[in-house]
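K.L.:
Chain by chain, the residues:
Number of protein chains: 2
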Amino acid sequence: MIEQLQNLPGVGPKTAQRLALHILKQPENQVQALAKAIVEAKKQVGLCSVCFHLSAESVCEICRNQNRDNQSICVVADSRDVIALEKTREYGGKYHVLGGVISPMDGISPEQLNINPLVKRVSQQSVKEVILAISPSVEGETTTLYVGRLLKPFTKVTRIAFGLPMGGDLEYADEVTLARALEGRRELDT
Amino acid sequence: MIEQLQNLPGVGPKTAQRLALHILKQPENQVQALAKAIVEAKKQVGLCSVCFHLSAESVCEICRNQNRDNQSICVVADSRDVIALEKTREYGGKYHVLGGVISPMDGISPEQLNINPLVKRVSQQSVKEVILAISPSVEGETTTLYVGRLLKPFTKVTRIAFGLPMGGDLEYADEVTLARALEGRRELDT
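So the sequences go chain by chain: A and B.
Following the working numbering, the numbering of the first sequence begins with 19 at its first residue and continues without gaps.
Following the working numbering, the numbering of the second sequence begins with 19 at its first residue and continues without gaps.
Incorrect hints may have been included.
[Claimed, not checked] Footprint (simulated), chain B over chain A, 3 or more residues, beta carbon under 8 Å:
id: 1; segment: 50-60
id: 2; segment: 126-138
id: 3; segment: 185-193
[Unchecked claim] Some but not every residue of chain A turned toward chain B, in silico, with C-beta under 7 Å:
id: 4; residue: R98
id: 5; residue: D99
id: 6; residue: A179
Don't read these hints as lab results, they were simulated from the structure.
Here a beta-carbon is modelled for each residue, glycine too, at the ideal position from N, C-alpha and C.
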């Protein structure tokens with residue numbers, strides 16, 4: 019059991035041992051319930067056939083929601099990013115999860131990501147804006163440019179802003195972030 | 019000496035003691051040189067009469083530089099911010115150092131900052147753009163809006179971008195930063 023638990027992210031030998039000892043102390047029915055929950059969740063949760071976000075149904079809750087703007091698609095690398103963006107309560111459109119970023123070093127080519135279904139989706143339905151919300155790593159930038167070029171013939175393509183994080187101090191910002199913050203300056207609306 | 023050294027920022031009792039012991043080990047002429055350098059620097063370095071950046075001359079090197087764009091003024095809270103922005107090598111205009119941010123809690127009102135000289139500077143010479151580069155704290159935002167409103171009648175006023183810092187991961191960004199990154203999205207130029 020300790021070996022199995024160690025495969026979980028962020029769980030080292032010590033934590034694995036602590037978790038294992040805790041489980042062994044539990045009554046049998048609770049342990050059964052935990053094991054069952056893990057297996058059931060894995061069985062039930064698949065990917066949304068529209069946006070590839072994690073979903074128990076064939077189409078996820080966000081895609082089914084009629085109150086959300088169908089003409090705006092926010093493209094992210096991972097389901098975790100959908101959850102992070104939903105927490106902001108800023109965005110009322112739909113999503114598309116690529117399932118990673120283009121990374122030749124790790125052998126991840128565009129074909130292995132959900133890029134073709136995205137192009138199909140954007141070209142076949144009326145979409146006013148695609149927002150690329152991909153983290154600004156080297157691979158993320160490559161992916162942003164690649165996807166952006168594919169989608170530009172069909173719709174307006176924007177990307178999220180890069181600059182000073184909130185609460186960030188100018189003095190402690192790295193030079194690239196400061197340069198991007200200067201470059202991305204916008205007219206002040208007062 | 020230990021007590022005096024402790025007044026320096028980031029120097030606690032232990033560091034002060036270590037510095038003091040180091041100084042006591044030095045030959046007398048070196049100690050004299052250090053003390054003299056401190057007093058001389060304080061005597062010589064004042065504020066630039068144009069932009070209020072630290073300067074040994076009455077007008078600082080940046081203000082005197084004819085190769086820099088006279089029609090662009092970047093407004094910062096502190097001289098340290100000028101140094102941070104200069105390191106990016108992104109900006110070729112002039113600066114204006116406010117000397118702090120508006121903070122009623124700390125008793126800092128607009129009159130105590132170098133805001134009036136800025137308005138005078140912008141209204142009396144031809145300025146194409148004022149870039150407000152003030153850190154996004156509550157006081158910083160207040161200062162940005164206050165200064166922005168004063169300058170808008172005279173020129174175009176922009177502010178630096180807020181969003182994801184470079185190398186920042188979407189998943190780990192705080193919600194306000196993510197919301198600002200979404201809000202500040204820009205059209206992708208490929």
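K.L.:
Now tell me, hint by hint, if it's right for this structure.
P.N.:
Hints and how they fare:
As drawn, the segment 50-60 of chain A meets chain B at 0 residues by the rule of a beta-carbon pair under 8 Å; below three, the given contact is violated. Judged by the Cβ-Cβ criterion of 8 Å, the segment 126-138 of chain A is not covered by chain B as claimed, because only 0 of its residues qualify and three are needed. Using a Cβ-Cβ cut-off of 8 Å, 8 residues of the segment 185-193 of chain A lie near chain B, which meets the minimum of three, so the contact claim holds. Hint status for R98(A) relative to chain B: holds, with the closest Cβ pair at about 5 Å, below 7 Å.
Nearest Cβ of chain B to the Cβ of D99(A): about 5 Å, under the 7 Å cut. The hint holds. About 3 Å separates the beta-carbon of A179(A) from the nearest beta-carbon of chain B, less than 7 Å, and the hint is met.
When held up to the earlier numbered hints, the structure conflicts with 1 and 2 and fits the remainder.
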